[in-house]
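Listed in order, the protein sequences are those of chains L and E.
According to the numbering used here, the first sequence holds residues 720 to 986 in order.
According to the numbering used here, the second sequence holds residues 557 to 1021 in order.
Treat the hints with care, since some could be wrong.
[What the hints assert, rightly or not] Straight-line alpha carbon distances no greater than 30 Å define the calculated DSS-like cross-link-like pairs of lysine-lysine that follow: (1) E:LYS593 / L:LYS908; (2) E:LYS707 / E:LYS728; (3) E:LYS593 / L:LYS935; (4) E:LYS598 / L:LYS816; (5) L:LYS984 / E:LYS655; (6) E:LYS707 / L:LYS816; (7) L:LYS984 / E:LYS593; (8) L:LYS816 / E:LYS633; (9) L:LYS816 / E:LYS655; (10) L:LYS816 / E:LYS754; (11) L:LYS935 / E:LYS707.
Hints are computed from structural coordinates only; laboratory data are not their basis.
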Amino acid sequence: MKKQAYICITILMLLSISRPNAFAADENRPLAQDIIVRSDAVRNPDIPFRLNLSLTEYADGSVRNEVILHVYSKIDQVSGQFKNLVRYMDPPRDQGKEVLMNGTTMWFYDPASKSIIRISPQQRLVGQASEGDVLTVNLARDYTAGYVGQDGGETIDDADRVPRDCWHMELTPKNASAVYGRVEYWVEKGTYRPVKGKFYADSGRLLKIAYYHRYKREIGVLRPTEIILIDAVNTNLVTTINSSGYQAMEIPNSWYQPAFLSHLKVE
Amino acid sequence: MMIRWVLFLLCLCCLQPHRLLAQNAGEENLDLNLIPKIIKTKRVEPLPAESHFSGKFFLEDVVTASQNRELLAPISKKLPSWQNRTSLDFDYGWQVSYKVRLNWSDRLNVAEGDTIAFPCGENLRNDFREGFFIWEASPRTYLEVGRINLKNGIALGYNPTDFLKSRTTVDKTSIDPSSLRENRLGSLMAMGQKIWDKGTVTLAFSPKVKTEGPLSTNQKVSFDPLFDRTNSDNRILVSFRYAMGDIDPQALVFVDHVGTHMGVNISRVMTSSIVAYAEWSGVQESSLSERAAVFGRQTGSLPQQELILPQTDTDAHFQNDLVLGASWTSNFNLMINLEYHFHQAGFDAEDFNRWVTLSAANSNLASEMWFIRQYADDQEEPLMQHEIFLRFDWQDILPSKLNAGLVMFISPYDGSVMTQASAQYFISSHWTVKFYLAKTMGGADTVEGSLPWSTSGALQIVRYF
């Protein structure tokens, strides 16, 4: 009897300690990884595109800094991850600076010095709204998803305080491209729209909280056009990332060569 | 009985581990209280359409003060103790049509100081940096003609493969090579470039249009484009870059009056926070001091006869230049670059000691010594064969408001250091203020301690339009 109890406990412990179940699929509980794949498709077009981003930083409730960027993104056919070319349009001191990200290869171009400097993937994390938040990223490519809790369901309020019935997911890195050590992610059931994300460092420290809202139809799909990013380390710092001007366009692979950075032109 | 209770409690705990991961929904909604009300009520304005005329235009004022020291090898000219420079800086591009773009980059300076006479050419000086057109002949095939600032190399402290760097820097407010590059002159050239999915090939020809001029003097005409510095030789540069996975090598061949220079750049991501890089060039050429002597005689800066201290070796040898470096990025916005610089044509310890010791006793020798140092500076070459470079760049110390930096050139011969600390504060999106404090440390007979200035401070205010 004692032996059976030990076996029973061991099985229970193994079941509960093992990673959140990512494989049990039914209509109300799809494969966890599929939820992230479909959620990625809501956030990002699967065809090459450009968009404008307007970043506004708030400190203690007041606007402190504003940045305007143009982003050119397309999916790399080999890795399945997005390649990004980012150009700073504002503030005036940063006008014309560019960042190129192709996998773990990142380059920074400064038109004042004509320098093209190779930077480390860690650079994606620096700044209140870092390159990692600005760049188009397929979470499903970089993270393994699982449900949190036994049923994986949770109703939380979105940024407009509207209750949303969500799947509560946990994402853990599966390759070196992953920016964060762990992500908690809430995706609305049925629509696959991301509602909220919590992003953790490798140390387990909560870094950022993101709310996705203001859904508008862009390149054929309702997509979040505002992300509210709360700095979890200093909660007085909040950044909004507003996207606009989505435009499907042909982007040759040669645009993601460092030499092209000085040739990106106004279109 | 006790064991049963323990097992029961264990079961309960084990059944609920994932609940511990998440707060309940009610607690989760508390995060919404962190969103400022201003965000909830703000209106999202559409962004203005991008103009076909784009670039940067700013007004800058820099006031510099220096404290000079007693020198072992005396210098003949008076050293500045203060200077003020006000500059209008203009760097714009005009997309004339889909295939044609015009670029213009220029700086107009008004300067005054205790070593600048009034009126003289230095009071009002124009730096015509670039003026060229680009024609995209076919997709990603470019032809560029005009004055172009073509930079190569991936290191920060010294770029052996930046073959067109010599004599291009016209203003030295900072000792940071990254800042110096922001006001350097381009060369007249015709350049073709083809960019493929995996690589780039570049071919540039820069013609001789003027006879080589001497090192900078105060007699220059203010609006002289200084082609005698940038275009005093026929030069050809060919470079080829090919992306090989994580490695991104670039090979270069450069031909000038010295000979055929070969060069290679290579970089690789080692970990998510470390990038390693190497830059090498090699050419058959004379030593730095011999080249300085030849240049001095050709431009009339040095007497036609041999140097007072004869060269120990006037022959050309194959000379290597190498930079080995790495950058590390922390998770708190600090980036550190560490580089080792090898410049085979430079002074070794014996050369340096010989010049310094003898210069102290002979003013003509001292003049020669300072001429060679000035020549090395003008060529953007290290004086010595070995050098360590360290750079700290700490961004967002106060998020979006304050950056700080530290640059150090360390001589491994004697431990002397030339260093500069800087702090940059963004008052608003249009106003920036920056402060530099530079110091040379070491004895009077050391590489950096033998420089004429001991401490230098600069305050820079910039208004962007």
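Taking the hints in turn, this is what the structure says about them:
This hinted pair checks out: LYS593 (chain E) and LYS908 (chain L) have alpha carbons roughly 28 Å apart, not beyond 30 Å. Restraint check: the Cα-Cα separation between LYS707 (chain E) and LYS728 (chain E) comes to about 18 Å, which is no more than 30 Å; the hinted pair holds. Only pairs whose Cα atoms come within 30 Å are accepted, and LYS593 (chain E) paired with LYS935 (chain L) is accepted, the gap being roughly 22 Å. A threshold of 30 Å between alpha carbons decides the hint, and for LYS598 (chain E) with LYS816 (chain L) the separation of about 28 Å falls inside it, so the pair holds.
Distance restraint check for LYS984 (chain L) and LYS655 (chain E): the Cα-Cα separation of roughly 10 Å lies within the 30 Å cut-off, and the hinted pair is therefore satisfied. For the proposed pair LYS707 (chain E) and LYS816 (chain L), the alpha carbon gap of about 16 Å is at most 30 Å, so the pair holds. As the CA atoms of LYS984 (chain L) and LYS593 (chain E) are separated by approximately 38 Å, the hinted pair breaks the 30 Å bound. Between LYS816 (chain L) and LYS633 (chain E) the CA atoms are separated by roughly 41 Å; this puts the pair beyond 30 Å, and the hint is violated.
For the suggested pair LYS816 (chain L) and LYS655 (chain E), the alpha carbons sit about 22 Å apart, so the restraint of at most 30 Å is met. Between the alpha carbons of LYS816 (chain L) and LYS754 (chain E) the distance comes to roughly 22 Å, so the proposed pair stays at or under 30 Å and holds. Restraint check for LYS935 (chain L) and LYS707 (chain E): not satisfied, since their Cα atoms lie roughly 44 Å apart, outside the 30 Å limit.
Checked against the numbered hints given earlier, this structure breaks hints 7, 8 and 11; the rest are met.
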